[in-house]
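K.L.:
Hey, can you work out the whole structure from these sequences and the hints?
Going down the list, the sequences are from chains A and B.
So in the numbering used here, the last spot in the first sequence is 137, and the numbers never skip.
So in the numbering used here, the last spot in the second sequence is 1201, and the numbers never skip.
Everything labelled a hint here was simulated from the structure, so no lab data went into it.
Certain hints may be false.
Stated by the list, open to error - Between beta-carbon pairs, the in silico distance windows are: (1) 110(A) / 1095(B): 51 to 61 Å; (2) 99(A) / 1127(B): 11 to 21 Å; (3) 99(A) / 1108(B): 37 to 47 Å; (4) 1148(B) / 62(A): 27 to 37 Å; (5) 84(A) / 1086(B): 34 to 44 Å; (6) 43(A) / 1176(B): 44 to 54 Å; (7) 108(A) / 1123(B): 15 to 25 Å; (8) 1114(B) / 51(A): 26 to 36 Å; (9) 1007(B) / 10(A): 53 to 63 Å; (10) 1086(B) / 4(A): 42 to 52 Å.
What the hints assert, rightly or not - With a Cα cut of at most 16 Å, we get these calculated EDC-like pairs of lysine to aspartate or glutamate: (11) 128(A) / 1068(B); (12) 128(A) / 1008(B); (13) 128(A) / 1108(B); (14) 1087(B) / 1151(B); (15) 128(A) / 1192(B); (16) 128(A) / 1107(B).
Where a beta carbon is used, it is the ideal one built from N, C-alpha and C, also for glycine.
The lines below spell out each chain.
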Amino acid sequence: MGTDATLVDDDREVTVEATPTGDTLLVAADDLARETGWTLRPAGLCRANVCVPVRDRDALVTDEGIDVRAFGAAIGRPVAVEPDVGVAVLGAAPTEVQARLDARTAPPFTLPDLDGHPVSLDDFAGRKRLLIAWASW
Amino acid sequence: MWQELHDELAATGLVMLAVALDEDADAVRQWAQDESPVPLTYPVLLDRDHLVAERYGILNIPTTVWIDEAGTIVRPPAIAPADDRFKDFTQIESAVHHEALRRWVHDDVAPMTAAEIHDRQIPADGAEQQARAERRLAVHLLRAGHRDAADRHLAAAMELAPGDWTIHRGSMPLRGEDPFGQAFFDYYQTWEAAGRPGYGA
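P.N.:
What follows is the structure, encoded as structure tokens:
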């Protein structure tokens, strides 16, 4: 039986059932489908009307769940895992990042200001915006 | 400082949004106070997970991105110091950026052609994206008190993205290192010897 693990997907952190195995986590297939939209079908891993082929199904799926590293590899997203703590991070797919760069559309974001109030790029739609990334370091 | 530029240009409708790639809000508050004679009057947002760095492909600070009324990026991420205090390190004249900004804000002069934007955009890279995921995991672990595991994933991130300052220098406070001390000078020298990678100006 799996235990509660944390899946970090973009700006969401969700709890899924997972089993640590070696350097990876086996995430319950239903939980992974619910949180990411990807389900395993005969055609491969599918989301909406898109399916990606799965070359080695046995490496991806076991009775205990879906290997989150193999899952990331199949859908083209980087995965970082700490199995013993029970955390997996799904990073941004290089292909999606590149597509956005090519489209030149500013990716939306919502972040807290220093008082904790959420501020979105879209709050200022229709105006010229200067985004300044900086840090205390 | 950016505050001066904000005071000058706010009436034109330009929105300035600062995004701090920091873990600790107090460090940002302190920094903002030290840097400016008046409380900053533009929003300062806290991006503990470096979501903006990931989504915009930002590798170093201070970096600006210009976004027009329609939400189109008209000038991709590039180092843009507010002033010339650190010019010895940045080798960038801050006024060039600010003059172009004034022309864009006042006269709608596009800073770059589409071809120039394409040439200056740093392409998405698998190792870089993996590094960002490792960093993200590391800060998650750090917040939960798993220091050793966090250090391992930070080390993995730094190895995967040797030219990414948001990962290298940005990790120094997380690792208990002084980002203005020896660790900074060591990293700066290594990065400079490698030809200042990722320094799109």
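K.L.:
If a hint holds in the structure, say so; if it does not, say that too.
P.N.:
Structure-based check of each hint:
no.	hint	result
1	110(A) / 1095(B): 51 to 61 Å	violated, 33 Å
2	99(A) / 1127(B): 11 to 21 Å	holds, 18 Å
3	99(A) / 1108(B): 37 to 47 Å	violated, 28 Å
4	1148(B) / 62(A): 27 to 37 Å	holds, 28 Å
5	84(A) / 1086(B): 34 to 44 Å	holds, 42 Å
6	43(A) / 1176(B): 44 to 54 Å	holds, 50 Å
7	108(A) / 1123(B): 15 to 25 Å	holds, 22 Å
8	1114(B) / 51(A): 26 to 36 Å	holds, 34 Å
9	1007(B) / 10(A): 53 to 63 Å	violated, 35 Å
10	1086(B) / 4(A): 42 to 52 Å	holds, 46 Å
11	128(A) / 1068(B)	holds, 5 Å
12	128(A) / 1008(B)	holds, 15 Å
13	128(A) / 1108(B)	holds, 10 Å
14	1087(B) / 1151(B)	violated, 32 Å
15	128(A) / 1192(B)	violated, 34 Å
16	128(A) / 1107(B)	holds, 12 Å
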